[in-house]
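Colleague: When you line the sequence shown up against this note's numbering, it's residues 1211 to 1478, in that order.
Simulated from the structure, these hints should not be mistaken for laboratory data.
Please note that a few of the clues may not be correct.
Here are the computed distance ranges between Cβ atoms for each label pair [claimed, not checked]:
{"id": "1", "residue 1": "V1362", "residue 2": "W1442", "range": "28 to 38 Å"}
{"id": "2", "residue 1": "L1313", "residue 2": "T1355", "range": "37 to 47 Å"}
{"id": "3", "residue 1": "H1212", "residue 2": "P1354", "range": "17 to 27 Å"}
{"id": "4", "residue 1": "P1354", "residue 2": "Y1282", "range": "51 to 61 Å"}
{"id": "5", "residue 1": "Q1464", "residue 2": "Q1285", "range": "23 to 33 Å"}
{"id": "6", "residue 1": "G1239", "residue 2": "Q1285", "range": "25 to 35 Å"}
Each residue gets a CB set at the ideal place from its N, CA and C atoms; glycine is no exception.
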Amino acid sequence: MHQILFQIGSFEVRSYGTIVAFAILLAAGLTMYMAKQAGKYEDHVLSLVVWAILGSIIGARLWQVLFFEWHYYSQHLSEMFAIWNGGMSIQGGLVGGFVGGGLYTYFNKINFWEFADLAAPGVILGQAVGRIACLMNGDAFGSPTDSGFGLVYPPGTYAYDVYGSQPLWPAEVWEGQWDLVVLALLFILKMRKFPTGYLFLFYNILYSFGRLMLEFLRGDTDRFAGLTAAQWTSFVVIALALVLMLYFRIRPVQSSEPPEEKATPNPV
1211 MHQILFQIGS FEVRSYGTIV AFAILLAAGL TMYMAKQAGK YEDHVLSLVV WAILGSIIGA
1271 RLWQVLFFEW HYYSQHLSEM FAIWNGGMSI QGGLVGGFVG GGLYTYFNKI NFWEFADLAA
1331 PGVILGQAVG RIACLMNGDA FGSPTDSGFG LVYPPGTYAY DVYGSQPLWP AEVWEGQWDL
1391 VVLALLFILK MRKFPTGYLF LFYNILYSFG RLMLEFLRGD TDRFAGLTAA QWTSFVVIAL
1451 ALVLMLYFRI RPVQSSEPPE EKATPNPV
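Using the sequences plus the hints, can you model the full thing?
Modeller: As structure tokens, then:
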């Protein structure tokens, strides 16, 4: 676990930001590939990614402040926007990213659900890689295993500040692995014919289920009525996804046709 990869003079290249940037590039690359395969929206991928990034930054910070650490930020309002000090929720980032992407599709008259189906594999790939950043940074850690098994975080990490040298459940590692399982399942599901929007909704259900289960091992968040804010969020996401699936089964989303290729004139 290395929070700082290397230094150039006094400039520190941190592992968290570097890996997150790499995760975004991979997510955008896979989405571009999916768009090319579908023959639509390829020209919109990079522009939409910018909107999604802006939305995810806002959503990740708001979610962390309001649902995870309001007890602290309510007493330190001046620090609410100090994202450079850390404190970003991946679920909030996803919600904010989807809102940002949704606004882009609205203003550009793009079918949101079609694009969401194309983007789902890329998003979960980005999440899988992003969890490596959490491991390197020493956050999103688990609770003590009370055994010889587990991750021991070094001094200087938040996990060490909380639990010292105790072995902790590798919650962030297992979540990254679950994300890769979800990625494989999405490609399997893609081989079957489902209504437009279903692949994106499957992604939400599968990821949220894994997050719901793994949160029982987390040791870095408060609990409300026995569950963490992430677990309550997962319940809501799964319920909404199931309702939308039923709705799309009754009233399918109207899919757009891929753009027709221009005919090449035959030489005379």
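Colleague: Does each hint fit the structure? Answer for all of them.
Modeller: For each hint, the structure was consulted:
1. V1362 - W1442: 28 to 38 Å: With Cβ atoms ~30 Å apart, the hint holds.
2. L1313 - T1355: 37 to 47 Å: At roughly 43 Å between Cβ atoms, T1355 and L1313 fall inside 37 to 47 Å, so the hint holds.
3. H1212 - P1354: 17 to 27 Å: Check passed, 23 Å falls within 17 to 27 Å.
4. P1354 - Y1282: 51 to 61 Å: Violated - the Cβ-Cβ distance for P1354 and Y1282, about 22 Å, lies outside 51 to 61 Å.
5. Q1464 - Q1285: 23 to 33 Å: Because 50 Å falls outside the window, the suggested range is violated.
6. G1239 - Q1285: 25 to 35 Å: violated (42 Å)
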